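**Student:** Sequence:
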Amino acid sequence: MSDSDEPVETSSGGSSGDSGGGGGSPGAAGSGPAGARPETSRTAGDSTEVARLKNELHEQKQKVKGLSDELLRSAADFDNYRKRMQRDQSRLAENAQESILKRLLPVVDNFERALAHSRAATNLESFRQGSEAIYQQILSTLEEIGVTQMEAQGRSFDPKIHEAISQRICAEHPDGTVLDVVEAGYMFRDRVIRFAKVIVSHRPEEATGSGSAAESVPEEGDPE
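Going by my numbering, the final residue of the sequence shown carries number 271, and the count climbs one at a time with no gaps.
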């Protein structure tokens with residue numbers, strides 16, 4: 048056998064092996080540190096979101112605290128306003144009472160003078176006139192503060208302002224006419240503060256009905 052016939056070793060196998068080994072290197076590199084980057088980014092993103100939510104929660108808590116403080120201040124202001132209104136109303140009522148009392152004091156003074164004069168006077172007519180003057184002064188004082196006496200005598204019975212306490216048979220007046228005023232009625236401006244207690248006329252033959260003052264009141268002299 049000649050030298051040329053001897054097999055010649057080639058490096059193809061080794062090369063292929065090396066190349067095979069080299070071919071596996073990229074895969075190995077892919078499973079190395081470079082493959083961990085997406086997970087790290089995800090973790091960092093989660094941390095940022097948590098921090099943002101914490102900040103937002105803190106801001107909301109601060110808003111709630113601010114609203115709570117504002118509500119407490121508003122409640123305190125309203126309570127102070129209510130107390131101030133009560134004081135003002137009480138003061139107004141006291142001022143009104145004081146004004147009325149000041150108007151009545153001159154009447155008391157005149158009564159005292161009349162009583163002192165009556166002890167030494169022998170003329171009853173003079174005393175009567177003095178008493179009448181004081182009575183008129185009282186009515187004038189009441190009118191100044193808005194209180195007026197009702198005119199009931201001779202008028203038709205009105206259940207809105209009159210209270211019939213008895214009836215009297217009378218042929219001279221229509222049925223339901225106020226014959227006598229037992230107790231005067233008074234109004235404060237347009238509101239009744241005391242009904243006038245009256246005696247009304249009654250004609251038995253004319254007393255029919257509903258709305259007649261005679262139906263609900265006894266006749267004079269009858270037991271109630």
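Quick caveat, the hints were computed from the structure, so don't treat them as lab data.
Just so we're clear, the structure is a prediction, and the values are computed from it rather than from any experiment.
Idealized CB from N, CA, C, for every residue including glycine.
Mixed in with the good hints, there may be bad ones.
[Stated by the list, open to error] With beta-carbon atoms standing in for the labels, derived distance ranges: (1) Q136 / T169: 49 to 59 Å; (2) L171 / V194: 46 to 56 Å; (3) L186 / A140: 44 to 54 Å; (4) A163 / L186: 32 to 42 Å; (5) Q183 / V229: 27 to 37 Å; (6) R138 / Y182: 53 to 63 Å; (7) Y128 / S94: 21 to 31 Å; (8) L171 / L139: 42 to 52 Å.
**Student:** So, for every hint listed, does it hold in this structure?
**Tutor:** Going through the hints against the structure:
1. For the pair Q136 and T169, the supplied restraint of 49 to 59 Å holds, since their beta-carbon distance comes to about 53 Å.
2. Take L171 and V194: their Cβ atoms lie about 30 Å apart, and the range 46 to 56 Å is violated.
3. The hint said 44 to 54 Å for the Cβ distance between L186 and A140, and at roughly 24 Å that hint is violated.
4. For the pair A163 and L186, the beta carbons lie near 23 Å from each other, so the given range of 32 to 42 Å is not met.
5. Between Q183 and V229 the Cβ separation comes to about 21 Å, which falls outside the hinted range of 27 to 37 Å.
6. The hinted range of 53 to 63 Å is not satisfied by R138 and Y182, whose Cβ atoms lie roughly 33 Å apart.
7. Checked against the hint of 21 to 31 Å, the C-beta distance between Y128 and S94 comes to roughly 51 Å, which is inconsistent with it.
8. Our hint of 42 to 52 Å for L171 and L139 holds, since their Cβ atoms are close to 45 Å apart.
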